[in-house]
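Engineer: Given next are the chains, with one letter for each unit.
4 protein chains.
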Amino acid sequence: MAGNTFGHLFAVTTFGESHGPAIGCVIDGCPPGIVITAEEFAHDLGRRATGRTRHTSQRHEADEVEILSGVFEGRTTGTPIALLIRNTDARSKDYNRIAEQFRPGHADYTYWKKYGIRDPRGGGRSSARETTMRVAAAVIAKKWLAEKFGVVVRGHLAQIGEIVPHDFDAAHIDWKAVEANPFFWPNESQVEELEDYMDALRKSGDSVGARIDVVADGVPPGWGEPIYGKLDAELASALMSINAVKGVEIGDGFHVVAQNGSVHRDRMTPQGFASNHSGGILGGISSGQAVRCSVAFKPTSSLRLPVQGVDVHGNEVEIVTTGRHDPCVGIRATPICEAMVALVLMDQALRHRAQCGDVVEITPGIPGSIE
Amino acid sequence: MAGNTFGHLFAVTTFGESHGPAIGCVIDGCPPGIVITAEEFAHDLGRRATGRTRHTSQRHEADEVEILSGVFEGRTTGTPIALLIRNTDARSKDYNRIAEQFRPGHADYTYWKKYGIRDPRGGGRSSARETTMRVAAAVIAKKWLAEKFGVVVRGHLAQIGEIVPHDFDAAHIDWKAVEANPFFWPNESQVEELEDYMDALRKSGDSVGARIDVVADGVPPGWGEPIYGKLDAELASALMSINAVKGVEIGDGFHVVAQNGSVHRDRMTPQGFASNHSGGILGGISSGQAVRCSVAFKPTSSLRLPVQGVDVHGNEVEIVTTGRHDPCVGIRATPICEAMVALVLMDQALRHRAQCGDVVEITPGIPGSIE
Amino acid sequence: MAGNTFGHLFAVTTFGESHGPAIGCVIDGCPPGIVITAEEFAHDLGRRATGRTRHTSQRHEADEVEILSGVFEGRTTGTPIALLIRNTDARSKDYNRIAEQFRPGHADYTYWKKYGIRDPRGGGRSSARETTMRVAAAVIAKKWLAEKFGVVVRGHLAQIGEIVPHDFDAAHIDWKAVEANPFFWPNESQVEELEDYMDALRKSGDSVGARIDVVADGVPPGWGEPIYGKLDAELASALMSINAVKGVEIGDGFHVVAQNGSVHRDRMTPQGFASNHSGGILGGISSGQAVRCSVAFKPTSSLRLPVQGVDVHGNEVEIVTTGRHDPCVGIRATPICEAMVALVLMDQALRHRAQCGDVVEITPGIPGSIE
Amino acid sequence: MAGNTFGHLFAVTTFGESHGPAIGCVIDGCPPGIVITAEEFAHDLGRRATGRTRHTSQRHEADEVEILSGVFEGRTTGTPIALLIRNTDARSKDYNRIAEQFRPGHADYTYWKKYGIRDPRGGGRSSARETTMRVAAAVIAKKWLAEKFGVVVRGHLAQIGEIVPHDFDAAHIDWKAVEANPFFWPNESQVEELEDYMDALRKSGDSVGARIDVVADGVPPGWGEPIYGKLDAELASALMSINAVKGVEIGDGFHVVAQNGSVHRDRMTPQGFASNHSGGILGGISSGQAVRCSVAFKPTSSLRLPVQGVDVHGNEVEIVTTGRHDPCVGIRATPICEAMVALVLMDQALRHRAQCGDVVEITPGIPGSIE
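Protein chains in written order, with my numbering: chain A, 1155 to 1525; chain B, 1155 to 1525; chain C, 1155 to 1525; chain D, 1155 to 1525.
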């Protein structure tokens, strides 16, 4: 139940502050025999990395992963896998001024009220730097899910400010296009528009929110633990635990509020489901369709636009954030969202196997079962 | 990690099927000394009960709670509290026909694929009947939170189909009005409109979704466990675990996608926060403001409108649901949403107390702390 | 982590006080499809029941198990299994006098200091009555372990006071003899001696301790979770959690203190292990040999021999326990010890399956693996 | 539930293999504000270190702890504390020969059967090197327990082979003597005898077991979670999880088997308990007396005396262990036992505070409570 551990059977414990000596994680419960090398982490860490485009923070991290344990001659051994990344570009002096101020929209005040002490360097533990390790841990999960079940977890930016993708069809996403631009945008023809939008935004000193969609294809039916460990409940928790997330939807999400049941209920045919309003989850258990979710990222509160605030002594002060920050944190959050979905699926896959075995046998002679 | 237990320190384990002999729960970790009687469960169970209005299912349950353990001479003893409700109005024959069919939009197919066997009577374990015990368990949580901290958790219907409350101000909700009508609607002048809407809906044989807002007032700053046990992450999980929920928002929710950071960041003043876009949570920890969340309920898929589907043998069949079902399950879900929020807060209150004690002391001499 | 739940994946939560309305349990995570009826609990509950012989407490409980959930048409469905036993022979007036006294050697004082309140009726939650539900839950575990793996868990009394079994060979235990006498004693020729011993003990008003051995045959190699979930560590916890237990041994136990390594290390041959000093566990993982453990039960402190003690006001009082109590609680503890061993093995079997699958494949080409 | 995490609220996750790049741990849930420096780990790590005397393994580890996170300006912040120790004296070539052999009495065979792969270098994860991190984590626990409650956890060697301490009185242990000799022996006059014994043992090529006693003074009444999280149950698990442990006793331990209840039950007087047969725990909850436990360590199986065994191909082979090994692993296990007791107490202290608060209030007017 420790707050810094994610997952029950594929359990990822992360540690580290934004400007401390290092960040890292320990992955416990990993199946043995998975081939993995330190190099394999580079791809997704690169996709997530700050500094990828001029539209994201200019902090440059090498993000070189050292495998400290749990891998022998290139294969996981079933013992805990510790991953370590040294913080090499932490400029703590950037943050000295804010040590006695509460930045609006940040966790400064709440950490201080919770613990009576906080590490102000770069946001300390509350920095999105922590999500690096989620992405790293998910590299192993993604690999196992793909090799064993053919599961593929992919995400894309679905809205930034008021801009939405043109000619978008959720059933036929151009994943190559998504990977070909720094916004993870599903329509390449809009990339220039997005760049202009971001340039104007940066010039204004303000920030904006974003929506990210994640799709997991190939998830077999049967994953998810009713009642409180439902697949959708755990996805909601996993995605809401990402910094700056304020909303999570499964399938049609909030559109269901004004929907009719005759529309929403996905009809089954002998050939399979005829639609996917449910987002691939029924009763908290995967149905075999694509698992679809959508996430809302708030605009960052770290702005060079000054704002009145208070300091730790209760005095009113003017607060200006001068560090390196993204005007839209959602832009590089796609790999993080994918990571959390992959971690949930990995954990649920193991939990399902524990209770029901590798192969579920249909009980004969029981109503509700094939005879 | 068991799928039927909610909470880590205030741990509620529920059991029971819709048409089995009984439903119940075990509450472990409850603080000792709380005054509680079997009668105190009646209020919230009544608010949730089926049959409260002609707009909800006509199944009539007495829902009389028997306290089996954990209470001595009217006070909790710190040992597990078992609550039991016998199922008295379970008409299983209503469901015989569906034993070999997969109702669209239900968990029939997924339970069967997961377990290889399912209890088809009334949806078995996947029925919303299970939520009765969430409401019961939360009665104790609500009481403790109110007595010890002054926390009050209240919800209301915020949208049904396309209908939204008139003259609504989230900062000044008329909670008396909410409780005065069977829709938990915050504006009494619209009740007749809602009744007409529901009558027409029932006549059509179709169903519709709903949105519910929950507000927790009085939550002290400091509750919530970063990183994966964030208060908002656990609220998301708790609310998404309710049957039929497809989306969860904290604070401004999906509105943040098109918001600017200069708008979103809640300014602090010596007198407190100047706004509450965050929904009372920063960095996963409560800020001392009202905790606000919003939930989307899908339209029920149990319709008397026939639909083509498949049976357990893979044959195409026509499916008509004839049991007693609500045309809008969201109508009576308000107490359930409140319950889940209360359970999350209760658990987080105990977790915070475990790590930081009853009173958090500010560490002197550390930047970020008062000297 | 709740104190009243045992197991992680096969999670048993018990509830109920000795003289409350009922005791019960909820088993979560049970594999689906196991055939089980209410009648199947009778055998082991009968073996454990008070009143079986004149040497155990004269409290008579019917101990009829009602299955409230999780079983459909005689098979487990994968949803939580709730079992309920009504307390029918609870004579609370027997205990009225002790409500304000702290019985020496009991939990009266510690519960009161922990919770500030206690249920004094029959020891409340601290009564060994709670162990009934452990035995009940283990009936399902024993059945699954036996059917799926051929695992058989059996125990016997190994010492009572100074009396030890004659002609005893741990490798060839006469299990029929064990079941044929009310002491679970492995040598029937000593039963008369034991009865005389117990008669004299009861006459004296005193009590005595006992040692119980449990053997699990058929455990496959590979069960156990290093480092902190070692099979032996979990057995130690499970057995020590039984009322009155003060010591646990695995394999040679405390005899290893004066043993040489050349004796202790169990030699392997192409035909298997040549001895079993380890008790079937190496590095916290089962070796495929019989898992052997031994448990020490203290003598009950509930004696009619008066003793000076204190009451809740701090005054010195004379304490005499007049209720129905066993002069040797170890006598009927054999089924309880078996139950805890079975519950540990069940949970570990599921955990092993989660991480490593139903069939473990040897990684080729790695030193330490077959090529 | 991950196998490499110890504790629920003060949760210690360890990682690392004996001859991998590093070992380490992450401590989650630590109370904020504790003063701690990297230097403070040296004392207990030194007490545990190999190479302390000529009677223990000649492997020399610097064991320098690096604090990677969770500490800011010398105080814990409430975020996860990661500790890292690089392995500097790992001579893997010593172990090359055993990569394809199963050393008798070791975990080689069981890891291989569990995971299908194992890291043979120095025993990999099953090496006692892992216990270094238990000792490190417990340094923080010991400090908090001492400062907040005055709890002191100390252990000593109580038997080695057939040798027991002379003139030993468990109620008056000479702790200065214990720390003054490399055996943690409570009677300095026997140190020469022990050295002669060990010299003869090493010369013989054989090994021997040991018994260690641990005493925790100052534990307040009320710690421990009935039923399955009993203080004694968790101590049993914690101690049994240490490499080579085969038995655990609380209080009088196995002596209770032949004890009478009139002797065992510790009488209470207005001045406190008159004896401590229970080992300071009643009903799984601390009584306020000293918590006493005793642990049996088996003789190491790593001997230069050859033994017939099998290799991974099933062939019979002669096995000789030539690495650096202790002839009595129990000698330097005292700090490890202390560490596990401290970790259990720390976790239970937080759990107690969660449920019952910093100060337990007696419920007035209830039998069993002061009026």
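Treat the hints with care, since some could be wrong.
Copies of the same chain look alike in the list, so a pair counts if it works inside one copy or between any two.
Claimed, not checked - When the alpha-carbon atoms are kept at most 20 angstroms apart in a straight line, the in silico SDA-like pairs for lysine to any residue are as follows:
1. K1297 x V1318
2. K1330 x R1356
3. K1302 x E1254
4. K1297 x R1308
5. K1357 x A1192
6. K1330 x L1459
7. K1302 x A1324
8. K1357 x A1412
9. K1302 x E1194
10. K1357 x E1342
11. K1330 x G1426
12. K1297 x A1216
13. K1297 x A1176
14. K1302 x G1372
15. K1302 x G1511
16. K1330 x H1197
17. K1297 x F1322
18. K1297 x P1175
19. K1357 x V1417
No wet-lab data here; the hints were simulated from the structure. Keep in mind it's a predicted model, so treat the numbers as computed, not measured.
Engineer: Compare the structure with each hint and give your call.
Structural biologist: Comparing the hints with the structure gives:
no., hint, result
1, K1297 x V1318, "neither (31 angstroms within a copy, 46 angstroms between copies)"
2, K1330 x R1356, "neither (28 angstroms within a copy, 46 angstroms between copies)"
3, K1302 x E1254, "neither (51 angstroms within a copy, 29 angstroms between copies)"
4, K1297 x R1308, "within (13 angstroms within a copy, 43 angstroms between copies)"
5, K1357 x A1192, "neither (39 angstroms within a copy, 45 angstroms between copies)"
6, K1330 x L1459, "neither (37 angstroms within a copy, 42 angstroms between copies)"
7, K1302 x A1324, "neither (25 angstroms within a copy, 45 angstroms between copies)"
8, K1357 x A1412, "between (39 angstroms within a copy, 18 angstroms between copies)"
9, K1302 x E1194, "within (18 angstroms within a copy, 39 angstroms between copies)"
10, K1357 x E1342, "neither (24 angstroms within a copy, 48 angstroms between copies)"
11, K1330 x G1426, "neither (27 angstroms within a copy, 48 angstroms between copies)"
12, K1297 x A1216, "neither (23 angstroms within a copy, 37 angstroms between copies)"
13, K1297 x A1176, "neither (25 angstroms within a copy, 25 angstroms between copies)"
14, K1302 x G1372, "within (11 angstroms within a copy, 30 angstroms between copies)"
15, K1302 x G1511, "both (14 angstroms within a copy, 12 angstroms between copies)"
16, K1330 x H1197, "within (15 angstroms within a copy, 56 angstroms between copies)"
17, K1297 x F1322, "neither (28 angstroms within a copy, 49 angstroms between copies)"
18, K1297 x P1175, "neither (29 angstroms within a copy, 24 angstroms between copies)"
19, K1357 x V1417, "between (45 angstroms within a copy, 17 angstroms between copies)"
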